[in-house]
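A.B. asks: Each chain is listed here by its residues.
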Amino acid sequence: MSRTSFATFGNELYSGKRSYPFVAKRNLWFLIAGAAILISIIIPVVKGGFNLGIDFRGGSEFTVSATQNTDAAIGERAVTDVVSDAVPRVTNIAADTMRIQTERLSDDETLKVRDNLVSGYGVGEDQVTSSFVGPTWGEDVSRQALIGFGVFVLLAAILMAIYFRTWKMALAAMAALVVVMVVTAGLYSLSDFEVTPSAIIGFLTILSYALYDTVVVFDKIRENTADVTVSTKRTFAEQVNLAVNQTLVRSINTSVVAILPVASILFIGSFLLGAGTLQDLSLALFIGIILGTLGTIFIAAPLYAALRLNEPALKKQEKKVLGRRSTEAAAV
Amino acid sequence: MPRTGPGTAAKRTLVWLGALTALLAILLGAGSYWSTASWSPRLALDLEGGTQMILAPRVQGGSDITPEQLDQAVEIIRQRVDGSGVAEAEINTQSGQNVIVSLPGTPDPQTRDLIQASAQMEFRPVLTGGPGQAAAAETPTPDDQLPKPAAEPQNASDPNWITPELYKEFESLDCLDPASLEPAAEPAPADKPMVACEPDTQGKYILGPVEVPGTDISTASYGLQRSSQGQALNTWAVTIDFNDEGTEIFREVTERLYAIGQGDPRNQFAIVLDGRIVSAPTTNAVIPDGNPQITGNFTEESAAALAEQLKYGALPISFEIQSEQQISATLGADQLRLGLVAGLIGLLLVAAYSMFQYRLLGLVTIASLVVAGILTYLAICVLGWTENYRLSLAGVAGLIVAIGQTADSFIVYFERIRDELRDGRGLVSAVENGWRRAKRTVLASKAVNLLAALVLYFVAVGNVRGFAFTLGLTAIADLVVVFMFTHPVLRLLAKTKFFGEGHPWSGLDPSRLGGIPLYRGAGRLREPGQVPVAVARTKNKGASAEAERRLTIAERRRAEQQKALAGRTGSAGRTEPAGDSPEPSAAARTGSTVAGRTGSSQKETNE
Chain R
568 MSRTSFATFG NELYSGKRSY PFVAKRNLWF LIAGAAILIS IIIPVVKGGF NLGIDFRGGS
628 EFTVSATQNT DAAIGERAVT DVVSDAVPRV TNIAADTMRI QTERLSDDET LKVRDNLVSG
688 YGVGEDQVTS SFVGPTWGED VSRQALIGFG VFVLLAAILM AIYFRTWKMA LAAMAALVVV
748 MVVTAGLYSL SDFEVTPSAI IGFLTILSYA LYDTVVVFDK IRENTADVTV STKRTFAEQV
808 NLAVNQTLVR SINTSVVAIL PVASILFIGS FLLGAGTLQD LSLALFIGII LGTLGTIFIA
868 APLYAALRLN EPALKKQEKK VLGRRSTEAA AV
Chain B
1487 MPRTGPGTAA KRTLVWLGAL TALLAILLGA GSYWSTASWS PRLALDLEGG TQMILAPRVQ
1547 GGSDITPEQL DQAVEIIRQR VDGSGVAEAE INTQSGQNVI VSLPGTPDPQ TRDLIQASAQ
1607 MEFRPVLTGG PGQAAAAETP TPDDQLPKPA AEPQNASDPN WITPELYKEF ESLDCLDPAS
1667 LEPAAEPAPA DKPMVACEPD TQGKYILGPV EVPGTDISTA SYGLQRSSQG QALNTWAVTI
1727 DFNDEGTEIF REVTERLYAI GQGDPRNQFA IVLDGRIVSA PTTNAVIPDG NPQITGNFTE
1787 ESAAALAEQL KYGALPISFE IQSEQQISAT LGADQLRLGL VAGLIGLLLV AAYSMFQYRL
1847 LGLVTIASLV VAGILTYLAI CVLGWTENYR LSLAGVAGLI VAIGQTADSF IVYFERIRDE
1907 LRDGRGLVSA VENGWRRAKR TVLASKAVNL LAALVLYFVA VGNVRGFAFT LGLTAIADLV
1967 VVFMFTHPVL RLLAKTKFFG EGHPWSGLDP SRLGGIPLYR GAGRLREPGQ VPVAVARTKN
2027 KGASAEAERR LTIAERRRAE QQKALAGRTG SAGRTEPAGD SPEPSAAART GSTVAGRTGS
2087 SQKETNE
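Read top to bottom, the protein sequences are chains R and B. Residue 852 in our numbering sits at position 285 of the first sequence, with consecutive numbering throughout. Residue 1672 in our numbering sits at position 186 of the second sequence, with consecutive numbering throughout.
Hints are computed from structural coordinates only; laboratory data are not their basis. Beta carbons are placed, not taken as given, at the ideal position from N, Cα and C, and that holds for glycine. Keep in mind that a hint or two might mislead.
Unchecked claim - Looking from chain B toward chain R, a few residues come up when the C-beta cut is under 7 Å (computed):
hint, residue
1, S1809
2, V1836
3, A1930
4, A1938
Let the sequences and hints guide you as you build the complete structure.
C.D. replies: Structural data, given as structure tokens:
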């Protein structure tokens, strides 16, 4: 899209000449969202949960970086030589990086496996990183994440209800948030992405992003609907829809700008560093930012309109608007 | 608003921002000259290389750990790690329930065991004591003069506990050598005697077997000592409160020790925590009620510290390694380098996209991002110095993610300005009006960002605190920059010919934004007017009054004209549906924009 046509696109959205029926077709979006939620809940149940990272399972992990040799057998042997009945999982996580995961090893065993890996893969001692995670660690992480989720949603809901002076906006925003969270979780389960503590933090950051986006759009909605009861130009639903359309260019620009740095971390993380903090964080964010923007446009705003449409004052106003339109149509 | 108003204010704000930046830089410069500050951020372990252990303290009995107990646990681990001679170790708490130990390099198994070992408090009687330094190597006590047990020891204070080996160990113990303060990885068996140092007085002792375990302490407190008349004296004292069992045993112990008599070291008992003597008071009386009071040369601080330590004894804490990570320094350096590369690529992409979307206005975005970057960098360095904040890989990720979120504030602002231009305002007033509206949105949305960062920071486990921290820090930097840089710069730019006249490359070209000036100068008004027409039509008295108040002079004049016209011709002006956009003719777009813009900058005064 050239600049001129993008600007024109923005102009037409702003003036209402071009308009997408975000609010009018809300039942369709809700239906899609409902289906997505249902699928997102069914998938993990059918698949038997998520691909939990070592932090949730407990065990020992070694990472060998900067190796020319990516033969998984070397890693397996390095472990089974020390602990004969171990079942190591060896993965080539980046171009020159191998990851070996196994059950928890003792200190001595860890040192021996380390030596085996150093000689097996022909790397310096500096290239082998080891970590081990106790079996209860994952519970801690999950519990903290849940607490964080709860506290944040509660505080954010209060903040929004105070700022917008209506609980309906807070409710709509939270509903969209839940959709985003559930669907992101579903995608994680479906695609077998590894769930690590970093991914969970990425997950929590999505909350912030999704809400942030909703606040910006709701701010415009509030502005557009401030005097709606005394106007006969547009119905409340139309005003909400106009607000979403008017902020559409911003939504697109914001999402693109937010996703560019995340994508660059994701790219570097996946291809050069291998699985780890950067990749897990950015993957969760990448999915979440896209879903967060969609959630605001297709769920939060239409839901807010739907929540308020039955208010008597707005019904009266709608009647007035429609009445005026029909007389005008008759006049012309 | 006087013509010079926004410009002067803008310049003043920019000067303030410069002063703020300079202040941070001077602070850091002075810090690096006179103190330990550095011009580069301090790096966390995952970037610097080293070992990180996350320990979960476990309180005996399975009850939850209190913040005081956790602090005490940190203190104990700190002493252990310092004692083991590991330099630059860092011990912190996290989320009020874990202890994080970060060590450079790879710790030996002994250090690991030591860190995990459970700390125990015990009361042991003193068998003999002496000054802390080791006996000179040339003159050890001759073998035949070593004390030899004559019989099986009768009680815990019996000197028969002292074997020649134990005495030799005692003699060679050097309490002035920091290494000797290293707690033993294996705690001494409770039913055997031991040798121990008292770090505070630098004395050393041979102690009998444990008589009262720390778990028999109910609580401990400190306060000003009272005379027998109940008057507060000017000396501090620590009071122990034993439970029933402890009271009973302690009565027996004090009976025996008191009987030994003053002056004999065996009159003393030692409170041992983690293999070191916390205090070794003499016994002045038999304590039947289980409430001994320890007095001495206490300051309020040392009394409080002893009371804390005693309280800790009531609930021995053991540590369980939850996770341990060893990261080589080269891997850390690699990750940092690639992380920075990712950040740079992200920044370039964002810069390219803003240039594409906002033309030269994109330069403002880039400059703002740079200023935000400088502020954040300085803040991280200063915090590294004053608060020992260390940048982790997750922190770097937070910084990169923040590029997008920071840029969004500018997008919100620019889109608002464009909206105002579309409504037909001139650039100067569009900037002011756009800002008034964008400001609110930016504040509200940043509040959400900050809230998320705070929640993440306080509940985060593992390495992600750094992420939350940089996310919060950049949100604040973003606010500072939007208010103190972006907006003032735009105010100034709005007055330049290039932007003010809406050069096609400025990104603020009204003709491209579909804006037609409301007032085109020389008393001419814009033809198809969405706002005025709608107002003229509305039936609601209150709304039209409100709307009229909002009209500019030019708009009002036009509305009046239209009213008059409507009165004459009936339903004139109604053929155009109100919901439609003003569709400017090609002539209107190009023909008179310049004149209109210059005129409209004054029009705002009556808003």
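A.B. asks: Taking the hints in turn, state whether each one holds.
C.D. replies: Cross-check of the supplied hints:
1. S1809: 4 Å, holds
2. V1836: 5 Å, holds
3. A1930: 5 Å, holds
4. A1938: 3 Å, holds
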